[in-house]
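Residues per chain are reported as follows:
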Amino acid sequence: MDHYTPESPQPRGLQMARSMCWHCQSAVTGEYFCERCVKVQPVSKETDHFTCLGFPRRLTLDPKKLEAKFYELSRTFHPDFYQTKSPAEQTISLGNAAVLNTAYRTLRDPIQRAEYLLALETGSVKDIRTSPPAELFEEILELQDTLEEFRSSDRDSQEGRELRAVLETEQRGLEQRRQEMEAQLHQLFTDWDQLQDRGEATSPAREERDRLLKHMRDLLSNRTYVTSIVNDLAATIA
Amino acid sequence: MTRIVGIDLGTTNSLIAFMKEGRPHVVPDGNGRTMVPSVVALTDNGLIVGDSAKEHLTRNPERTVYSVKRFMGKGLADVQNELAYFPYALTETGGVIRIRLGEKSYSPPQISAMVLKELKRRAEAYLGESLSKAVITVPAYFNDSQRQATKDAGLIAGLEVLRIINEPTAASLAYGLQEKTQGTIAVYDFGGGTFDISILKLKDGIFEVLATNGDTHLGGDDLDRVLVDRFVEEIRERHKIDLSRFPDHMQAVRLESERAKIRLSDDLKTTITIELPDDKGHFTRELTREQLESLAMPVIERTLAPCRMALKDAGLTSQDIDEVVLVGGSTRMPLVRRRVEALFGKAPHCHLNPDEVVALGAAVQADILSGGTTDMLLLDVTPLSLGIETMGGVMSSLIRRNTTIPASAKELFTTYVDGQTGVDIHILQGERELVKDNRSLARFRLKVPPLPAGVPRIEVNFLIDANGILNVTATDMRTGQSQSIEVKPSYGLSDAEVERMIEDSFKFAADDVNARKLIEARLDAEALLRTTEKSLTDAGHLVAADEAEGIRNALSQLATAKDSTVPLTIRARMAELEQAAKHLNVVMLDDSLKKNLQGKKASQIT
Chain H
1 MDHYTPESPQ
11 PRGLQMARSM
21 CWHCQSAVTG
31 EYFCERCVKV
41 QPVSKETDHF
51 TCLGFPRRLT
61 LDPKKLEAKF
71 YELSRTFHPD
81 FYQTKSPAEQ
91 TISLGNAAVL
101 NTAYRTLRDP
111 IQRAEYLLAL
121 ETGSVKDIRT
131 SPPAELFEEI
141 LELQDTLEEF
151 RSSDRDSQEG
161 RELRAVLETE
171 QRGLEQRRQE
181 MEAQLHQLFT
191 DWDQLQDRGE
201 ATSPAREERD
211 RLLKHMRDLL
221 SNRTYVTSIV
231 NDLAATIA
Chain A
1001 MTRIVGIDLG
1011 TTNSLIAFMK
1021 EGRPHVVPDG
1031 NGRTMVPSVV
1041 ALTDNGLIVG
1051 DSAKEHLTRN
1061 PERTVYSVKR
1071 FMGKGLADVQ
1081 NELAYFPYAL
1091 TETGGVIRIR
1101 LGEKSYSPPQ
1111 ISAMVLKELK
1121 RRAEAYLGES
1131 LSKAVITVPA
1141 YFNDSQRQAT
1151 KDAGLIAGLE
1161 VLRIINEPTA
1171 ASLAYGLQEK
1181 TQGTIAVYDF
1191 GGGTFDISIL
1201 KLKDGIFEVL
1211 ATNGDTHLGG
1221 DDLDRVLVDR
1231 FVEEIRERHK
1241 IDLSRFPDHM
1251 QAVRLESERA
1261 KIRLSDDLKT
1271 TITIELPDDK
1281 GHFTRELTRE
1291 QLESLAMPVI
1301 ERTLAPCRMA
1311 LKDAGLTSQD
1321 IDEVVLVGGS
1331 TRMPLVRRRV
1341 EALFGKAPHC
1351 HLNPDEVVAL
1361 GAAVQADILS
1371 GGTTDMLLLD
1381 VTPLSLGIET
1391 MGGVMSSLIR
1401 RNTTIPASAK
1411 ELFTTYVDGQ
1421 TGVDIHILQG
1431 ERELVKDNRS
1441 LARFRLKVPP
1451 LPAGVPRIEV
1461 NFLIDANGIL
1471 NVTATDMRTG
1481 QSQSIEVKPS
1491 YGLSDAEVER
1501 MIEDSFKFAA
1511 DDVNARKLIE
1521 ARLDAEALLR
1531 TTEKSLTDAG
1541 HLVAADEAEG
1551 IRNALSQLAT
1561 AKDSTVPLTI
1571 RARMAELEQA
1581 AKHLNVVMLD
1591 DSLKKNLQGK
1601 KASQIT
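First to last, the protein sequences are chains H and A. The working numbering puts the first residue of the first sequence at 1, with every later residue one more than the last. The working numbering puts the first residue of the second sequence at 1001, with every later residue one more than the last.
Wrong hints could be hidden among the right ones.
As the list claims (entries may be wrong) - Okay, derived cross-link-like pairs now, BS3-like style, lysine-lysine, Cα gap no bigger than 27 Å in a straight line:
no.	chain 1	residue 1	chain 2	residue 2
1	A	Lys1104	A	Lys1517
2	A	Lys1180	H	Lys65
3	H	Lys64	A	Lys1312
4	A	Lys1133	A	Lys1507
5	H	Lys65	A	Lys1312
6	A	Lys1582	A	Lys1562
7	H	Lys65	A	Lys1201
8	H	Lys64	A	Lys1203
Said to hold, decoys possible - A short, non-exhaustive set of chain A residues, derived as facing chain H with CB atoms under 8 Å:
no.	residue
9	Leu1162
10	Ile1206
11	Leu1377
12	Leu1379
13	Ala1466
These are calculated hints, taken from the structure and not from any lab test. Note that the structure is a prediction, hence the values are computed from the model and not measured. Yeah, the Cβ is synthetic: ideal placement off N, Cα and C, and Gly gets one too.
The task is simple: from the sequences and hints, build the whole structure.
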């Protein structure tokens, strides 16, 4: 997978919680520390995770660069380094470190990162449905029946062994399906990043954007669904 | 800059360490011993702690508390199945276990505070300065209540606890400082009462915990118990004695089992000797390492599932682990080392003293907090998922286990009924679906302005700080006003109770000082009585009769005063006796000089 590499250092553009330094009241402009009194400034809870870590809204991020940035910001914000500072600064560092940790946790996992971007671009991520995908509907219903049969059967009987074999084949099939979905998702991630990099504001570009987001949403919810079925299957036949 | 010390408050032993010239050091006592047994005994002369208290385990089992760490942040129901193993009396008040010692009851944090005070006293004497700030370690798998109880213990001991840190991660700091390693390490920490496994990534001075798991009720104590159970059974068969009815003998069996276990880490066989009650002689038996291992195997197997779980949560396999670090006294057992080696496929690292490495790491963390060390940073995780109770008794997870701390989550609450003025919130910790299978941490009532249903919007922020301790705040989203919340802990001391215990502790501190002065005065008085009586017998004839009579008088006065509880009274009588016997001493000295000189030539006297 290609990773997005920023050509030049990204402008920080951090959204701070206040426009004035809480301590000396001078203007702050998206820096972590006040230019005048060098006190740490609170990061706004509304700052999105990409901005927080200084990355653009892209879906193929280099995990090494992400980690390096996370470590750098941890050294900036971690409460361990504020123990000798005032209580106000300690509270700010605690809040900032919590925001940073959430951002990194979300962005380091490609799937969570995509779900998060979808939420940012289109609204609530809770729209991801949990009903079976249409093309899998019949198959899943049948699988649920088999699972029921297996649960009520004697595991060591001939019937139990046959049912287990059926379920194991199903599990392999679904796992393969999930891998295909992930491969498709990664292709969509690359498409999304290329579209964003072109930065066109034309109407076809907007349509392409909506198409990609919708496709991603469907794949993500199907993947979530298939994953929970696979986990359920694995737990039952284990 | 005030010094911050690092403390390993262990189940069996505790240590205190400090940083000097960029290296951590453990504080030794006068005999070079670094470990203070985590034992508190109530004696006729008051409460004593450490090595001297350990001697009371068999002499005075009902009034000698050990392994109190097992009870931190717990209710009585949590420890029901092991009550039989403890000779001291346990009760419960307000969701907190209390330990009965003589006339009084103590909470586990109070007992731990006595151990902490002993460590503090020892370090103050060694460093020649007073100490008020500390980093204290806890098992990584400790929940919120257990961490809070540890913090309370520090407060009661007069220490500001700047940070609670996890034992395996503390060990990794000491290890990282010494070995300068980069890569992925697993810290296998098997102590006296708890087991932890932590998987960390070490890179450019950052110690990032990827996953942790463990069992806060699994340690060397459990190994001793399988031996105790076996020996008690054999004594029942061979001698028809039910030893469990004799608390002092049970303690003796426990201590003998512990010693035998330790010996078998070096030797292949050892002999157990246990004195039987009522002068029925001794129970003797040989125990081989093989026998110990077959008894210990089920206990040690229980450490492996958490290891596999931690690897899975970290998204790693055992091949990804570059180094395995052993911590805790129980890792000295060859069987433990073999099982760990088999699991991770590589020989564990054991160059560091497994007893001291946690305290050393705590001192390193203390140095980071005081600004001394700036190139190392520990990014730890919360070991257990945090959530709240939702409809139908189900736990809804807000912060998942193994999330890097500080971690926060927010939840928006509203009302279902017009004019509703409160929402009850129940906070939980654990990995299970149902509320009843998880640990209840606390409850609180959110105050809501009386408005039509669904209109109020109160945002509650759950923040797990760098100590792994939960802080809850609430904001009314309509007004932006923040609301103070009184959280009632399910298994912990209330703030008021801790406050009172701190006061008591200062009060007792005065009592303690008095007790110590009294003991010293009595000892000095006894010594003075003995020497003066001897002088009077040997040289009484050298002084006038009335003078001898005066000395005899002062002697009997001091003998009576010795039983006083006021040290000053004893000292006053001692001064009187010294005064009365002053002339006698001078005469005695002259006399012995004269005897020495007899028969010597003047030239020999220089």
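Results for each hint:
Taking the CA atoms of Lys1104 of chain A and Lys1517 of chain A, the gap is about 23 Å. The hint holds against a cut of 27 Å. At roughly 23 Å between alpha-carbon atoms, Lys1180 of chain A and Lys65 of chain H fall within 27 Å of each other, so this suggested pair holds. Restraint check: the Cα-Cα separation between Lys64 of chain H and Lys1312 of chain A comes to about 21 Å, which is no more than 27 Å; the hinted pair holds. For the hint linking Lys1133 of chain A to Lys1507 of chain A, the alpha-carbon distance of about 21 Å falls within 27 Å, and the restraint holds.
Proposed proximity of Lys65 of chain H and Lys1312 of chain A is supported: the alpha carbons are some 24 Å apart, at most 27 Å. For a cut-off of 27 Å, the pair hint linking Lys1582 of chain A to Lys1562 of chain A stands: about 20 Å separates their Cα positions. Using a Cα cut-off of 27 Å, the hinted pair Lys65 of chain H and Lys1201 of chain A holds, with the two alpha carbons roughly 16 Å apart. A distance of roughly 12 Å separates the Cα atoms of Lys64 of chain H and Lys1203 of chain A; the hinted pair therefore holds under the 27 Å criterion.
Given the 8 Å rule on beta carbons, the hint for Leu1162 of chain A holds: about 6 Å separates it from the nearest Cβ of chain H. Checking Ile1206 of chain A against chain H: minimum C-beta separation of about 5 Å stays under 8 Å; hint holds. For Leu1377 of chain A, the interface hint holds, since its Cβ comes within 8 Å of a Cβ in chain H; the closest pair sits about 6 Å apart. Taken as an interface hint, Leu1379 of chain A checks out: its beta carbon lies about 6 Å from the nearest beta carbon of chain H, inside 8 Å.
For Ala1466 of chain A, the shortest C-beta to C-beta distance to chain H is roughly 5 Å, which falls under 8 Å, so the interface hint holds.
Checked against the numbered hints listed earlier, the structure breaks none of them; every hint is satisfied.
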